[in-house]
Amino acid sequence: MKTLAKKSAIWLAYLGVLLGLPLLFDSILAITIFNQMAIAIIFALSYNMLLGQGGMLSFGHAVYFGLGGFMAVHTLVMIEYETVYFSIIYIPLIGGLIGLLAAVFIGSFSTHKAGTVFAMISLGIGELVAASSLIFVSFFGGEAGVNADRTYGPAFFGIEFFQDSEIYYLGAAWVFIATLFMYLFTQTPAGRMANAVRDNPERAEFIGYSARRVRFISFCAAGFFAGIAGGLFALNYEFITEENLNAVTSGRVLLMAYIGGLGYFIGPIIGAVILTLMNSLLSNYTELWMLYLGIMFVLTVLFLPRGFAGFIMMHRTAWIRGKLGSLLLPYLITGLPALVFAIAGVAMIEMLHHEGEVFHFLGIPLESANLSHWLMCTVLAAIAYLGCKRSLPQLREAWESANAIDEAGEEREAS
Amino acid sequence: MLEVFIFSTLNGLVTGLLLFMLASGLTLIFSMMGVLNFAHASFYMLGAYFAYSISLHLGFWMGLIFAPLIVGILGAVVERFALRRVHAHGHVAELVFTFGLAFLIEEAVQFFWGPDTKNYQSPDILDFPLFTLFGQEFSAYRGFMIAISVGIFIGLYYVLTRSRIGIIIQAAITHPHTVANLGHNVPFIFMGVFGVGTALAGVAGVIAGPVLTTFPGMAVVLGSIVFVIVVIGGLGSLGGAFIASLLIGLLQSYAIASNVGMPDLLNLVGLEFSRDHPLTDLWTLTLPQIAPILPFLLLVLVLIFRPTGIAGKREQ
Amino acid sequence: MMRLFSNTSLKLLLVSLLIQGSSLASAQEPIRIAFMDPLSGTFASVGNSGLKQLQYAAEELFNSRGGILGGRMIEIVPLDNKQSPTETQIQFRRAVSEDIRIIFQGNSSAVANTLNSTITRHNRRNPGQEILQINYSAVDPILTNEECSFWHFRFDAHAIMKLNVLTDYIAMNPDIKKMYIIGQDYSFGQVVADTSIELLREKRPDIEIVGNEFHPIGQVKDFTPYVTKIVSSGADAVITGNFGADMVSLARSIIDSGLEIPIYTFYAAYDGITATLGADGVDKIRLIHNDAGNPIPTQERLEYIQKFKRLNPDNDMTQHRITNALQMLVKAMEESQSTDPYDIALALEDMRFVNMSGEELWMRGEDHQIIQSLHISVHTDQNIVVDADNSGFGLLREYSVPAENTIMDHSCRMQRPRR
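Residue numbers (our numbering), protein chains in the order written: chain D, 1 to 415; chain L, 416 to 731; chain E, 732 to 1150.
You may find that some hints are simply not true.
Stated by the list, open to error - Computed spacing ranges between beta-carbons, pair by pair:
hint, chain 1, residue 1, chain 2, residue 2, range
1, L, Trp476, E, Glu1031, 33 to 39 Å
2, E, Gly1096, D, Ala155, 50 to 56 Å
3, E, Arg932, D, Phe105, 51 to 57 Å
4, L, Gly570, D, Glu357, 45 to 51 Å
5, D, Arg390, L, Trp528, 55 to 61 Å
6, E, Glu929, D, Tyr14, 22 to 28 Å
7, E, Glu929, L, His504, 38 to 44 Å
8, L, Leu575, D, Tyr331, 33 to 39 Å
9, E, Glu933, L, Gly570, 37 to 43 Å
10, E, Lys1040, L, Pro538, 29 to 35 Å
11, D, Arg390, E, Arg856, 58 to 64 Å
The set of hints was computed from the structure by calculation and includes no laboratory data. Glycine included, each C-beta is placed from N, C-alpha and C at the ideal position.
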């Protein structure tokens, strides 16, 4: 009972955040970014159903997103020409159904095996669909894509969806519903078995489940929700192009899910938020944002194999034991030099990039021709590195003591 | 028609052998460590770029010698300090890591060399037509490419089957623990194989750079095709990779050279569609148009009907 | 412009995020113009080169001379659309958010089409907050034909106008009997192929089209198999609309095969391409373009280019139409004494303007298509005053068509907003 109340509180808070965000930040740009996030969250969560929960590494998940989106745009066009007549709020569902249809078809032969074989089939299908999308111009519209107008359908309680903010609330509703259903899916026997099959397909078969069937169900569900994300994309941008189903989009969703943290339900949400922010904000300050994204991704895979969510979850034990506070100072002592090291590194990368010109970095004018600037950055980086390295054992110690099983304490509790 | 056939065969051979140079390293790494290296084509690109930079100062031949060395060392470093670390988290993590690495290398290349096409030229000494057939020249440089590729194949084959080190490597693939117990340094062998594999990709980059143009997208263009070859050939099989490389090289070359398409097929069965037909894109499709995506079609078909590939033994 | 988290821009960002930018236009407030093109990624060099040219034009011609409209400066705001239609939509909303009313954009027709339909929709839904699209380079004909918009102005000749001149030039060469057309499999490549065939059939029925080939864009590793087909077809000339790496690879494969035939192109110069083609491409590669290359028509223009080159040694003045567009835009603002897109659009319609080369340009009011002279130049190192890529090679003019002879009919039925 208690857990149910706790869970409902989390979901209500989630709903509150979704509805409250545009009240806090109401510029057009902010709404644009929130809309992007909404789409990315559903898409990344659906990817997590494959990789995080089902253990299927896909390099072609954008196919379901894109196909759903294309059909959604075509439906919008049909609404415009009054071939069909219904409110556009149901458009994401159309996308979802198309995603599901594509997943049923492709999943019927690609989910035989997991692992490398599945990854390769997904890669091949992804490339095939992306290439075909450029060849079949009448449906995919070539590289310019397909356009539509969302304002022609019947008004929904007087809302005609002229503005992006109106779409945001529609998107938020869909995000909430989709997130809820994806969560509920993890609680169903099929969702549970997906985890079992991911971890040990043989054992799952021994207790009477067909690993292939379990994978197929997860795959279809993932395709369905990816299609919903595609439909939402169509509503938000009122167009879609082949780039939304090609390898770049497939790669991006992999990045989101992985950086956020596979295996944790909340992970892809974190990843979607981080990547959207990087994509839309960081790119305004530096041309090299893709380089930083690449570095961040590789570092995440190397040092945080469970992503940001995994990093947060690592602190569960310490939190439950009320020792999180004792970690704060060691974190600061190591974190600060690490931050300085990163900043100095970025400064040097930017200096290399801006060869022969003066540019401002955190308000400080830097120039690559000036040797003292190089010296300054190098010395700063070296000091920060040493500081980081020397404080690391302390952090480790603090970590261990915060997580160590305190026998005396346990006994006291018991008595 | 004959001249088209001959030249298509030659072109297919050049492409196929080039692909093999990449595929051989990739398949060697796979059979050793069980990881498909997504970044393999990125090392190929690095080879071309390093060779370009070296050739500016020391000429093409120095590039041919040193660029693969640098790439090989880089590969070994990646294996030693990164891949080995990720290995503990399983194959998916390894695959994702190499995927990230490919992404990072492409960005790094743009950072250091810029996004423009580089003016990387073949050496003047090979700047003559090897022979002229039906008015079309076959450049000496392409002959040189074939020679290098074949040389590498023979060398690799010889080392793996005849030399002591090759026997140890082969043993390490199947029985790593036994080999370790015999006193061999298995992690070091892994690092070496990864280094040699990436160096092979580097050689391919050095010799392909002048012909296929040196630009930041060159890894992406080739990357997934090499994957396709390794999978079609059968994961871990060097011979299979060789057959698959030539198969794909020739298949693409012939497909481009052909002039057939859906219209011919429709004519054959006596059907005709107007240009307004909703599926007009399908009815007007030609074989040359879809040539570059044929490998992916082949990949999907092979994986569905024979997941082990042409010569693969290993069940995943 | 690419400061990383500089204090002011961070504040600006927070402000723009927190409160919707309200504009209190004072006399001294700069006029902000967005430049929306790829500034990162594969196509970054073309975008950055265009940005530098626009910034230079604004600084050199207006800001350093006291600004416009009684002392207001022009501020160019770079927006990186990464050459992606999706990203273009996001950056468009950023421009709206920051109350920018004029957007320069040129690279990729797909992006231009997306921007065009986005702006049309936005302007219809938000009267009083209209945005103006200054297309300085996207050549898809539909932008000033079927899909024409009151809010879109094109400062480059569209593909069919260019092909019309190109086929005229080809038709004058009696040695050409067999033509091979090869291009990227997308809308521009198809427009080039279809139009070339149609026009050549009209102008030189004796020219046989021996090949009409499409290849996937950016997917071809090696063009040699295609060249084999070209050789065996016995072609005397090649037309291609390829750009970027596909252009370089194709040209080099043709040259490597020993084929001594002219290659007629749209984009085979600058941004590394000229340097890569180098001596091999001399007298073989020809380009159709506006803005006369070597010899430079006037001293004024030559000095303008040379000053740009001094300031940006690694870049070339590749697109003089950017300068033309900015000059005409400013003239429209001065004439209407307004920065409102509606007033500017009205003033731009049917504007006649003498540019730096001493040539009169005409912005046709019916479809918002610029009418100006077109030129065909050859890739060479002879008589080159202004070279490309600092390579010593450049474009030498061979054939020119005056503006009045480039005029073509249009199918634009423009919907004009009522005020």
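Original post:
Checking against the hints above, which ones are violated?
Top reply: The structure breaks hints 1, 2, 3, 5, 6, 7, 8 and 9; every other hint is satisfied.
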